[in-house]
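Asker: Sequence:
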Amino acid sequence: MAVHLYAVSLDAGDPRRLARFWSGVLGREIIDDPREGVALGPDDAHSDFRIRFLPSDAPKTVQNRVHFDVTSASPQAQQETVDRALALGGRHIDIGQGPDDDQVVLADPEGNEFCVIGAGNTFLAGCGPVGAVNCDGTRAAGLFWSEALGWPLVWDQDEETAIQSPRGGAKVTWSGPPLMPTGGRDRVHLDLVADGDRDAEIDRLLALGATRAGTGRHTAADVVLADPDGTEFCLLTPR
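Take the sequence shown: its position 25, counted from the start at 1, is 81 in my numbering, and no numbers get skipped.
You may find that some hints are simply not true.
[Said to hold, decoys possible] Here are the simulated lysine to any residue pairs, SDA-like style, with alpha carbons at most 20 Å apart:
#	residue 1	residue 2
1	116	237
2	116	286
3	116	241
4	116	238
5	116	145
6	116	162
7	116	240
8	116	177
9	116	151
10	116	236
11	116	171
12	116	167
13	116	72
14	116	149
15	116	70
16	116	165
17	116	152
18	116	147
19	116	253
20	116	235
21	116	150
22	116	161
23	116	148
24	116	166
25	116	169
26	116	71
27	116	163
Treat the hints as calculated values from the structure; they're not laboratory data.
Can you make the complete structure from the sequences, with help from the hints?
Answerer: The following block contains the structure:
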């Protein structure tokens, strides 16, 4: 593995408020770092990626192509997570889910969608509070990310794919076509860090099917790429 998933980052008009919301929902500690800004630290028991909140004045105009699936240990725990999210400033939203769905679809205080998954979901069992980083994307994107991160495919059926670190933790999933319409810059994106030569890693990712996608999102030193579906991600400076 020559790059690792360092963080899932959210654009935020009020980064600290959004960090407080997600800290309350997930039970992760808020950390302040001169380089990172406001973030939630890794969940050491289940996942080693951070959740970062990056200042942005850009308004949210379309549904995000990346969202969190939050797990539940029991029906009571699912309701407690929903109640906690609503008390912290979240709200119910309708994205076309059916009345019989066992997941509850919510939005955080800045409108970022997420799902509180019903208890008994075997696919996300053992993944931790963030069961999945759920992405809108094709099988080609799933195969690209499997190679990029060195994470094996744990699901590959009917254009839907999922990968997971060999160490366990949250899965990253792609729901298959049709893809959502794009609406400018993605408000949620993945941040990678190279474990060795960053320039060599850029070349490797381009050879796997990534494309260059412009200048840094947070600092000028960040390299912005896009996966085969055009979803942006960043390769950060070494941490």
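Asker: Take the hints in turn and mark each one as holding or not.
Answerer: Consistency of the hints with the structure:
The suggested pairing of residue 116 with residue 237 holds, with an alpha-carbon distance near 14 Å, which does not exceed 20 Å. A distance of roughly 18 Å separates the Cα atoms of residue 116 and residue 286; the hinted pair therefore holds under the 20 Å criterion. Proximity of residue 116 to residue 241 is assessed by CA-CA distance (about 9 Å); at most 20 Å being required, the pair is judged to hold. For the suggested pair residue 116 and residue 238, the alpha carbons sit about 12 Å apart, so the restraint of at most 20 Å is met.
For the proposed pair residue 116 and residue 145, the alpha carbon gap of about 17 Å is at most 20 Å, so the pair holds. The straight-line distance between the Cα atoms of residue 116 and residue 162 is roughly 15 Å, inside the 20 Å bound, and the hint therefore holds. Taken as a hint, the residue 116 and residue 240 pair is honoured in the structure, with Cα atoms around 10 Å apart against an allowance of 20 Å. The hinted pair formed by residue 116 and residue 177 fails the criterion: a straight-line CA distance of about 30 Å is larger than 20 Å.
Using a Cα cut-off of 20 Å, the hinted pair residue 116 and residue 151 holds, with the two alpha carbons roughly 15 Å apart. For the given pair, residue 116 sits about 15 Å from residue 236 by alpha-carbon distance, which is consistent with the 20 Å threshold. The hinted pair formed by residue 116 and residue 171 meets the criterion: a straight-line CA distance of about 18 Å does not exceed 20 Å. A C-alpha spacing of about 7 Å is found between residue 116 and residue 167, which places the hinted pair at or below 20 Å, so the restraint holds.
A hinted pair counts as satisfied when its Cα atoms are at most 20 Å apart, and residue 116 with residue 72 qualifies at roughly 18 Å. Between residue 116 and residue 149, the direct Cα distance comes to roughly 15 Å. Compliance with the 20 Å bound is thereby established for this hinted pair. Our distance criterion of 20 Å between C-alpha atoms is met by residue 116 and residue 70, whose separation comes to about 13 Å. A distance of roughly 12 Å separates the Cα atoms of residue 116 and residue 165; the hinted pair therefore holds under the 20 Å criterion.
Between residue 116 and residue 152, the direct Cα distance comes to roughly 19 Å. Compliance with the 20 Å bound is thereby established for this hinted pair. Among the hinted pairs, residue 116 with residue 147 is consistent with the structure: their alpha-carbon atoms are about 16 Å apart, no more than 20 Å. Between the alpha carbons of residue 116 and residue 253 the distance comes to roughly 35 Å, so the proposed pair goes past 20 Å and is violated. For the hint pairing residue 116 with residue 235, the CA-to-CA distance comes to about 18 Å; that is within 20 Å, so the pair holds.
Taking the CA atoms of residue 116 and residue 150, the gap is about 16 Å. The hint holds against a cut of 20 Å. Between residue 116 and residue 161 the CA atoms are separated by roughly 17 Å; this keeps the pair inside 20 Å, and the hint holds. For the hint linking residue 116 to residue 148, the alpha-carbon distance of about 17 Å falls within 20 Å, and the restraint holds. Of the pairs offered as hints, the one joining residue 116 and residue 166 holds, with about 8 Å between alpha carbons and a cut-off of 20 Å not exceeded.
In summary, the hint linking residue 116 to residue 169 is supported, as the alpha carbons are separated by about 11 Å, within the 20 Å threshold. A distance of roughly 14 Å separates the Cα atoms of residue 116 and residue 71; the hinted pair therefore holds under the 20 Å criterion. With a CA separation close to 12 Å, the supplied pair residue 116 and residue 163 stays within the 20 Å bound.
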